Amino acid sequence: MCNFKLSGSLIKISERSPAQNQMQIPSGYGVYPQNYSAPSGHCFQGPGKMTSLPLDDQCGDYYSGLYAVPTQNVVTPKTTNQQAGAQQIYGRAPPAPHNVGSTPEYFQGAASSASHLYTSASQPYSSLVNHYSGPAMYSANSSAVSQGFPSTCGHYAVSTVSNAVYPSVSYPSLPAGEPYGQQMFTSQNASTVRPVRDNSFSSQNTALSHPSPLPPPPSQQYHQQQSLSGYSTPSWSASGPPSTQDNLVRNHTGSLTPANNNPTNTVADSLSCPVTQNVQPPKSSPVVSTVVSGASSARLPPTANHLVEPVASVTQPSELLQQKGMQYGEYVNNQASSAPTPLSSTSDDEEEEEEDEEAGIDSSSTTSSASPLPNSYDALEGGGYPDMLSSSASSPAPDPAPEPDPTPAPVPTAPQPSKVAKPFGYGYPTLQPGYQNTAAPLHPGGQPCSPAYSGFQQYTQYPGMNQLSSSLGGLSLQSSIQPESLRPVNLTQERNILPVTPILAPIPNLNLDLKKLNCSPDSFRCTLTNIPQTQALLTKAKLPLGLLLHPFRDLTQLPVITSNTIVRCRSCRTYINPFVSFIDQRRWKCNLCYRVNDVPEEFMYNPLTRSYGEPHKRPEVQNSTVEFIASSDYMLRPPQPAVYLFVLDVSHNAVEAGYLTILCQSLLENLDKLPGDSRTRIGFVTFDSTIHFYNLQEGLSQPQMLIVSDIDDVFLPTPDSLLVNLHESKELIKDLLNALPNMFTNTRETHSALGPALQAAFKLMSPTGGRVSVFQTQLPSLGAGLLQSREDPNQRSSTKVVQHLGPATDFYKKLALDCSGQQTAVDLFLLSSQYSDLSSLACMSKYSAGCIYYYPSFHSTHNPSQAEKLQKELKRYLTRKIGFEAVMRIRCTKGLSMHTFHGNFFVRSTDLLSLANINPDAGFAVQLSIEESLTDTSLVCFQTALLYTSSKGERRIRVHTLCLPVVSSLADVYAGVDVQAAICLLANMAVDRSISTSLSDARDALVNAVVDSLSAYSSTVSNLQHSVLIAPSSLKLFPLYVLALLKQKAFRTGTSTRLDDRVYAMCQIKCQPLVHLMKMIHPNLYRIDRLIDEGAIHVNDRVVPQPPLQKLSAEKLTREGAFLMDCGCVFYIWVGKSCDNNFIEDVLGCPNFASIPQKMTHLPELDTLSSERTRSFITWLRDCRPLSPVLHVVKDESPAKTEFFQHLIEDRTEAAFSYYEFLLHIQQQICK
Amino acid sequence: MEAVVFVFSLLDCCALIFLSVYFIITLSDLECDYINARSCCSKLNKWIIPELIGHTLVTLLMLVSLHWFIFLLNLPVATWNIYRFIMVPSGNMGVFDPTEIHNRGQLKSHMKEAMIKLGFHLLCFFMYLYSMILALIND
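Going down the list, the sequences are from chains A and B.
Each residue of the first sequence is one higher than the last, beginning at 1 in full-length UniProt numbering.
Each residue of the second sequence is one higher than the last, beginning at 1 in full-length UniProt numbering.
Note that these hints are calculated values from the structure, not bench results.
What you are looking at is a predicted structure, and each value in this text was computed from that prediction instead of being measured.
Built from N, CA and C at the ideal position, the CB exists for glycine as well.
One thing to keep in mind: the hints can contain errors.
Unchecked claim - Between beta-carbon pairs, the in silico distance windows are: (1) SER571/A x LYS43/B: 27 to 35 Å; (2) TYR83/B x PRO793/A: 49 to 57 Å; (3) ASP1004/A x ASP29/B: 20 to 28 Å; (4) GLU494/A x LYS43/B: 54 to 62 Å; (5) TYR83/B x CYS1231/A: 24 to 32 Å; (6) ASP29/B x PRO793/A: 32 to 40 Å; (7) ASP29/B x PRO1108/A: 55 to 63 Å.
What the hints assert, rightly or not - Partner residues aside, some chain A positions facing chain B, computed with beta carbon under 10 Å: (8) ALA808; (9) LYS813; (10) TYR847; (11) TYR853; (12) PHE906; (13) VAL907; (14) ARG908; (15) LEU912; (16) SER996; (17) SER1018; (18) PRO1108; (19) GLN1110; (20) GLU1165.
Based on the sequences and whatever the hints tell you, model everything.
In structure tokens:
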């Protein structure tokens, strides 16, 4: 059967061959007849089908699947026999049982590494230099007091200091170059690791024994004070003379002795114990905040570190001391470190030395492993992220042979009876009394989760602290957000509702410490930054609850963690994150499911500080956005190579449009920049009414074109040589790219067999997965998946029904799901001049996690702005980062559940999104509901984990964690509305609604969203007159944005909108990240004829002026001015009729208004100040986004100005309300 | 004759009960993540038409044999089955669409629907059984 078809295609080929004289087709066919034989084609498909079994079924739960097949860490096959290798592996993959127990493994491995920490031989003290430079040292004493007197803290009013001291440290600017850039906390006395452990432990006991709000014993206060000064000292790591350190070490050991005398850690013992720690003479003033010399001088006096009677050393006013002590309250539980060891003092001394040396030893090994390339995302991904290096971490190289040390190894897991009282995992301070759990902080074990965040926070700002706090930037705990965001705004009265500065995401109302740790709003936003406690409250507020994600965003700084064990909750598989609570040194409590987990041994060691026993200092716990390098447990198969396939329309229509030239040119330029490694493969398929493959196998003198005319049952002529290694066949690829634009110039073929071409592409890609880029210029008219024109041009401006928003056939959806199952994403570039049924075609990208680009009325010469846009976007598309075979799982705190997802992906199970490819420009949205009441928790967390294969063939997991407070009052819910996030989520929901029911339904729903939320708000505000339309300040832009949405291309009615344009706008809404989507919904308008440097920012040595935002109304446009409108994907510069001639000359380069050309898409590079300013402003705006916007200069009189005026959404149009009318309409609806 | 009608209805109803149970099991498998959405939906979509035919057949049979009460009882369910089948958007892969089943609580509503149908068929089963016995006795 197949042979018969083959002969058919052979004939076809020879028919065609004369036309394509470059391609040597007949000879090529003759040379490789065996490739046409049926078996090869079939055997190629065979494995592909087999693979679907593991991929489809096992991936369903990637944990189970992944864990079940750990042995598949097969060496990556060489490029030459890659397919074979891959097939073998698929075949081997057994169906995975659902076993989750992966964790036990790490105990063995980690235990050995940990024991070697303790048992290594002693070393000179000089090695301490490294030791001291780590961030770990700051904590010891602080923990003691603050933990000891938590209830005291409550007596003090809110003060900034404690928060400020630590978190204000700026990470990147470290002299010592620590990978994580943490401040070297050099508390003169408490800086070594060992004291940390003991202190924290003893402090714990203290806590137990001092539940009353008594002032702390002076000695401890004093500790605090000293360590405070240590905290604020930037770094002394490298500067300390060895002798000093030597001293220090001795002092430590000395001071430790008594601590070790209390091995049983009974309360009584520890009570006597804490006093012994590292007391310092009073002269080291606590206010030494920034100066290095201060710190070093402070640490010089070694005498103080010996056993000192607590009372003797205290000379400071007690309240000041107390104050100091309090500041560390929040860190209390961070100090949870390894258990004290019941050893004799001598052995402990030894141990300490050992550990110090261990640090020394490690310093060599760790630095070599921490800073070099493998950890640097920069090197791996090819993107220029210079900061990466400084943020990478690595695990300690596990000691292959742990030394059998006779001394009893510290077995920290041994349960300590008194340790029960460590309930406040991370002693998160709370800002708002409202969020603060009133439970006594000293609540013994078995506590609910909430006390973990209970407030250690409220301290009075004592005079002594003023200095410090001011030196720390005057951070204030006073939350100014809440009152401001609740301020009632009378919408109809407020004329200038739009602020002049860009609107920033509201900051969740957490304490400063958590705020600092929280995920950046650019990657992770929630529509309500205060989560309502119950579903009833949410329904009452009538606001959408959901998340907006931009998980694979290009980051300039990303901690990359290489670790043997990735610490995760054993029951819900949450990754450890900054918001978990450490119950004691050995256990942490998951913040999503509240299960108590063990801290693996390896996690106790901090590779950054080379210190042991501080799990809370690990980068995973210090950053809410981290990336793990995953082990083979996270692979179903060896990481795939980067594979790119281009499927190009070469019908008459396509050739006429001329996109091939631009594409081939772009590819030629960026061939070396395609993300990938030495295994990268590339292939080309072109199609008109037949499908043309290109044999680019290395060794050929010229590329060979192979034509398959049987489009009803597509097969691959030479499966092995169609996708070729980019580096081995580079010359052939270049030849092909140079030849392609001219190969089809005389074609008369008008049909387009897109469906069969996609089927062929799927067959070609299914063994590996990868990215298929489809370029299509017309409605597919042949073979499977052919489409009919459904648009009625007369209905374009209909106000009633807009039909055909949904796909016409399920062919593309099925294909996309097949592709998704084989880890192949299909990206669609639609460059058409007439209707092409984007709503059907888009399915191929929607469900395979691809992306969609649409260039209406594209023509390379007639429409140069579109051509330029294509060129620029192609450059970004080809060179941007890419992740393959990705899955993303979103988890949230128990009680919340996700019910609808928006974006381009396939939802494989309730919380697992299957993403064949992930690109940095993809955004997602998730709708949430509250299933159970959240009354027993004060914080909720959301975590997204994106597991992907980087283009360098590494399996990585990017984890974002967002933490938000829970509130119980309606006012608080309104105070925390993130209006931009809400509007983006609403837009996504409206798209769904208009496809599933109708556009008018969606529009009504949008209006109702405003009406409902505003009326719900006004019902909460007493004493209101019914005649006024009142919104809380946080929601004041809501009506404006909804109006903008109603006038957006996707949802507008009455204005002539082509169906494809509308559908494309809907696709954009679904997959654009929030920042870009907001510009599409509500453009920014700036006046640019009088740019000044006032308030300008400096970016890369350029001065970028920051003109104020104007509201989108013609009343702001003056004929004397020139305005720039930033619509996300397009810029308009509107030039008024009587615009200043200086501007026209200096910026536009034209002598006067009349001589400005009608189509102007570039600003000339003129050597004038105003031109420079304008250009730098526009460049800055452009740099912020992935899609390169096209610039249009619009003259006041030109016909193009309607385009511009369409975006002035506050104005009335024929078919739509003005903003004021819209407000009145809402008011009417509310009063009804 | 009447006995034959009810014997047939009884058998048909048994089949529909089994089908409902199968729907419930498959959907709960999907809920628990034992199977993936794609295979679940293709499994279920296969049985939509048999279910529809089976149920319509009984309904018509009741109409023909002039059992008005039972006919009116069956009519809403039969109408719903047909409506559901007809209203599938052209781009969807059937009543159960793998790309949408996890969205907007669809899985839950499908589950609920299957449960209700199971209850309904059980009710019908006993009704047919009773009518059949009655008919046999009368014969």
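Taking the hints in turn, this is what the structure says about them:
{"no.": "1", "hint": "SER571/A x LYS43/B: 27 to 35 Å", "in the structure": "holds (30 Å)"}
{"no.": "2", "hint": "TYR83/B x PRO793/A: 49 to 57 Å", "in the structure": "violated (33 Å)"}
{"no.": "3", "hint": "ASP1004/A x ASP29/B: 20 to 28 Å", "in the structure": "violated (38 Å)"}
{"no.": "4", "hint": "GLU494/A x LYS43/B: 54 to 62 Å", "in the structure": "holds (57 Å)"}
{"no.": "5", "hint": "TYR83/B x CYS1231/A: 24 to 32 Å", "in the structure": "violated (38 Å)"}
{"no.": "6", "hint": "ASP29/B x PRO793/A: 32 to 40 Å", "in the structure": "violated (48 Å)"}
{"no.": "7", "hint": "ASP29/B x PRO1108/A: 55 to 63 Å", "in the structure": "holds (58 Å)"}
{"no.": "8", "hint": "ALA808", "in the structure": "holds (5 Å)"}
{"no.": "9", "hint": "LYS813", "in the structure": "holds (6 Å)"}
{"no.": "10", "hint": "TYR847", "in the structure": "holds (5 Å)"}
{"no.": "11", "hint": "TYR853", "in the structure": "violated (21 Å)"}
{"no.": "12", "hint": "PHE906", "in the structure": "holds (6 Å)"}
{"no.": "13", "hint": "VAL907", "in the structure": "holds (4 Å)"}
{"no.": "14", "hint": "ARG908", "in the structure": "holds (6 Å)"}
{"no.": "15", "hint": "LEU912", "in the structure": "holds (8 Å)"}
{"no.": "16", "hint": "SER996", "in the structure": "holds (8 Å)"}
{"no.": "17", "hint": "SER1018", "in the structure": "violated (29 Å)"}
{"no.": "18", "hint": "PRO1108", "in the structure": "violated (41 Å)"}
{"no.": "19", "hint": "GLN1110", "in the structure": "violated (39 Å)"}
{"no.": "20", "hint": "GLU1165", "in the structure": "violated (48 Å)"}
Consistency note: the structure conflicts with the earlier hints numbered 2, 3, 5, 6, 11, 17, 18, 19 and 20.
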